[in-house]
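Colleague: Sequence:
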Amino acid sequence: MNNSSRFSLFAVTPPGLEDLTRAELFALGVNHPRAVPGGVEFEGFLSHLYKINLWSRTTSRVLVRLGEFQAVAFDELRRKAAGLPWENFLLPGQPVSVRATCHKSKLYHSDAVAERVALAIEDRFGQKDSPQRRQERKEEKENLASFAPSRLNSEVIVRIDHDHCIVSLNSSGAHLHQRGYRLQTAKAPLRETLAAALLLHANYNPAQPLLDPFCGSGTFAIEAALMARNVAPGLNRRFAFIDWLNFDTQEWGEQLRNARAAINDSAPIIIASDRDEGAIAAAQANAKRAGAADSIQFSVRPISAIEPPPAPGLLISNLPYGERVGSDVRSLYAQFGKVIKEKCPGWRVGVLAGSTALAKQTRLAFGEPLMIENGGLRVPFVLSSPLP
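Our numbering applies: residue 9 is where the sequence shown begins, and numbers increase by one.
It should be emphasised that the hints constitute simulated quantities derived from the structure, not laboratory data. Each hint should be verified, as a subset may be incorrect.
[Unchecked claim] Straight line, CA to CA, 25 Å or less: simulated DSS-like cross-link-like pairs of lysine-lysine: (1) Lys-112 <-> Lys-88; (2) Lys-349 <-> Lys-368; (3) Lys-368 <-> Lys-351; (4) Lys-368 <-> Lys-346; (5) Lys-114 <-> Lys-88.
Small disclaimer: the values here were computed from a predicted structure and weren't measured.
Assemble the whole structure, with the sequences as input and the hints as a guide.
Modeller: Right, here's the structure in full:
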């Protein structure tokens with residue numbers, strides 16, 4: 009297979025953010041991306057695969073769809089999976105982890121499905137099944153389990169829904185929110201991909217100030233700084249596709265060089281504060297690892313003591329909710345709204361709140377909420393027009 013081959017690709021994204029990711033992929037040069045529940049479908053070459061992994065700020069993983077078919081029996085599943093072009097990506101005997109999910113299908117046992125697909129890969133490479141091979145597979149599985157997911161050479165993802173099977177290869181490896189900078193966290197950390205998506209949804213403009221008065225481990229501020237300086241979010245991490253048989257060293261090297269050359273020296277005004285001294289220490293350490301420490305002004309202070317710059321901009325924050333606070337959560341939201349009205353005229357306000365009812369406690373005029381999942385909860389992100 010040459011590297012001009014076209015692939016069916018799928019960008020996995022958190023529920024509720026599919027349209028944001030579709031717009032981002034289109035801006036990155038993808039033709040006709042299509043938002044569907046759980047992600048964005050598109051077609052592209054290796055260059056697109058590399059670019060989306062390197063540059064997408066909102067995608068969770070990028071999958072290569074090897075094929076799809078109907079399967080209602082294990083022998084049918086194994087036979088059809090063996091017909092997929094595994095040799096275009098994998099070497100014979102290369103360690104593979106198979107993860108399967110089944111929904112409303114005759115094949116409902118996910119472990120058994122994963123086992124049959126693993127056997128199908130061996131069938132494709134002409135490896136005969138035997139007691140010795142079964143023991144080797146068991147040992148390989150145990151060895152793979154001792155490694156972090158980011159170190160697996162290849163992860164195969166199998167999804168069976170209403171007897172329709174889709175088989176994919178995970179090109180990203182570890183989740184793309186793992187940028188490599190957030191080693192220290194505060195309470196209820198916000199995933200980097202989600203923070204970036206909400207900044208895009210809020211139309212963050214690096215020419216205007218950004219303020220986060222509940223910054224926690226600094227994710228909003230750091231992601232904004234990376235956007236302002238045009239730093240590719242995947243520049244300092246490893247990807248699974250590097251271990252694939254069709255890895256194009258020249259293409260990947262050129263994309264890395266271009267990404268490094270695209271970084272600018274802008275000096276955005278980004279202010280991040282939190283009343284928790286430990287949270288600020290974690291945020292500062294994370295910003296330093298991200299190369300964004302010089303772009304962010306950190307301080308320890310409560311919401312009542314914030315000092316916004318005179319020029320209006322975007323205030324964006326993940327307000328406390330759930331187990332992060334006690335019974336005074338309603339009064340905290342009310343205090344937040346009161347302070348923002350007094351100190352931030354002309355500013356737009358974006359809040360990730362525990363509920364629409366809590367968002368209303370601020371008495372700020374928010375538009376329709378964007379419902380997303382964060383920390384296993386379905387919560388609203390609300391955005392205002394410039395405050396009077």
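Colleague: Determine which of the earlier numbered hints do not hold for this structure and return their numbers in increasing order.
Modeller: none
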